[in-house]
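K.L.:
These two chains come separately, so use the hints to put the complex back together.
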Amino acid sequence: MSEPFATDHGVIVSDRAEPRPYMSPYLAGVGLGLVLLAAYVVMGRGLGASGAFTSFVAAGVETVAPAHARSNAFYTEYLGDPGTNPLKNWLVFEIIGVAIGGLISGMLAGRVRKEVEKGPRISVNKRLFFAFVGGGIMGIGSKLARGCTSGQALTGGAMLSVGSWAFMIAVFASAYAVAYFFRRQWL
Amino acid sequence: MNAPFYKFGLFGEDASLLVALFIGIGFGFFLERAGFGSARKLAAQFYFTDLRVFKVMFVAIVTAMLGAFWLSWLGLLDYTQVTVPSTYLVPQIFGGLVFGVGFVMGGYCPGTCCVAAATGRLDGVVHLFGMISGILLFGELYSFIEGFYTSTPMGRFTLPDLLQLPFGLTVFLVVLLALAGFAAAERLEKKFNPSGEIPS
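Respectively, the protein sequence lines represent chains G and R. So the first sequence is numbered by the working numbering: it starts at 2 and just counts up by one. So the second sequence is numbered by the working numbering: it starts at 6 and just counts up by one.
This is chain R alone, in the form it adopts within the complex (with noise of 0.2 Å):
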């Protein structure tokens, strides 16, 4: 096996945005399982009555990361050609406190806002044109933001690399975060919410 596949030529652009359809119909799929379809789900998170916005996520990251990490430890995977965002620290942890204010108000994020309009929820729908405005701004004043936009690169910068340990190691250590979070989120649950009664 010679993954990944696309990266290897084994199929053109054309059929690789048939398969962006099909991954999408995936995401979707589990998106709207998980109960991201609905902001009051989504919100009961920072209200402590029901974690699975952190759950979900994080079983989601502990998954692929195990799965990419064991391909490529068996030469099935060719870990290098798997692309990494690039880190602008100080940009993104700005824009991730400015995500946080908008997750909370808005009560989506990009894609759970797709699906919530796909199945009906109005709010979702104007969430979604909320956030293609806020983008157009974003574009029409990007000559003033992109001094800040571009300040920070890292490159590909891992967490590996952040603390110097070796990658399966860290891993390890995010198999070990994740369950210890696991933890934590079931006992807060209780606490918050003892009846198990969400606001649906």
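The following block holds chain G by itself, in its conformation from the complex (with noise of 0.2 Å):
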């Protein structure tokens, strides 16, 4: 662990310090599963992450063009009745916990830092472009699958969908299979 330092205005920061190792994957995996439990408890649902995204997209393009949207089946299930809000809806308000609470842990261990993440034989330029690229294939693939690894592979999952399963099975079967091609942005 390096020491603290001084700045300018001589407060003495800690953000040199070693991020804190992250939790055994065993134990997050529990504390994971008790949240899905919950939502299964308290709500009959369970979690979700791009549904909220298209919700922020279905929103946005009924914002740039009302009528367009509303010609569109896609769309419309997830605008809802003509005069509701389409961002006042349970998963936008839980990617929006997500995101605070992914915030709370990493400052709690240290680890929220400007970075970008990628193998040492990547350009930065490349590596972005990836992520957008990737990104995207991913936005149409959890889109085509109705949910990704969270309302598809861990909800579904644990309510023994066959859809879910054959999901999961595919995502990671699909994945292995192009690992090689892109093993210079990661090692």
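The hints are simulated quantities; they were obtained by calculation from the structure and are not laboratory data. No false leads were slipped in.
With the C-beta cut set under 7 Å, the calculated list includes, among others, these residues of chain R facing chain G: (1) Val24; (2) Phe32; (3) Phe35; (4) Glu37; (5) Ala39; (6) Gly42; (7) Phe104; (8) Leu127; (9) Ile137.
Straight line, CA to CA, 20 Å or less: simulated SDA-like cross-link-like pairs of lysine to any residue: (10) Lys89/G to Phe27/R; (11) Lys89/G to Asp19/R; (12) Lys115/G to Val130/R; (13) Lys12/R to Val42/G; (14) Lys89/G to Phe16/R; (15) Lys127/G to Leu127/R; (16) Lys89/G to Ile137/R.
In this text, all values refer to a predicted model and were calculated from it rather than measured experimentally. C-beta atoms are modelled at their ideal positions from N, C-alpha and C, and glycine is treated no differently.
P.N.:
Next comes the structure, spelled out in structure tokens:
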């Protein structure tokens, strides 16, 4: 662990301190599972992520082109009845919580820092390009599958949904199949 | 106890949004604790150097599955009132294959990129905007995709239905599968990353 150092203002800051190690994956898994169980027990539903972003997209399209959004069955499913606010939605509030919870945990462990996550053999610009395109591909995949790792793999997986298990197996199979081609980004 | 509480009308919609916020905080907290705010940690799964994606996901699935199973067995939770995502088998398998490519390329999934963005990872922010663009593209092309998207609908279709096994036995088999998976994961990590040094 490096020494705390003084800034120009004479304030001792400790952001040079080593970030604390991550939690045991088994323990973190139990924590995550109990949160999911709480959602089942309190709400009768599970977790989600991609659905919240679809609400953002549908609300954005409706703001820019209301008639266009209302004529699209995919958007209307996320817009709800006319006159209701599509962002007053369970998953939208949950995803805001996800960002807050992540920030709390990161701050407690000294892991909040401005950084680009990448391997040593790729430039920052290339990594950000891959992050954007990969994010786009993932967005399309999550919509085709009606959910992502949260809404399908975790939520549907623990409820033993066949579609969720098929999705999860497909995700791992495809990620392992293409990992070789992206090794320069990570290793 | 009458659970799920919301479905039995113990509180209304406005309160449910507050519940959503707190459930989300718990979710995000444990995602970050698990190391899922870091794309390198997540990607390590696919190079066998750190299999925590698999471990965390399966422990979480087993924990929630057993919890729901026991609570319903004790008569505290009405299992039929808990939403099971409807199965659309072929688009879900195809969507999973597409998703997997995006995972290795982008480095995050939709939930973890929020955690990454919230903890200062610029690639997480970019991934998030890429994902929003992908969803927008899907929405704009929906009229062409709709036929495939709604194909092979199977409704609430679970593993006990598929395997024609009792619910409890299926739960037990999933636990066994997970335990075997954890043992295999530990061995793989020792083989591919003997020093235990993880690209952090």
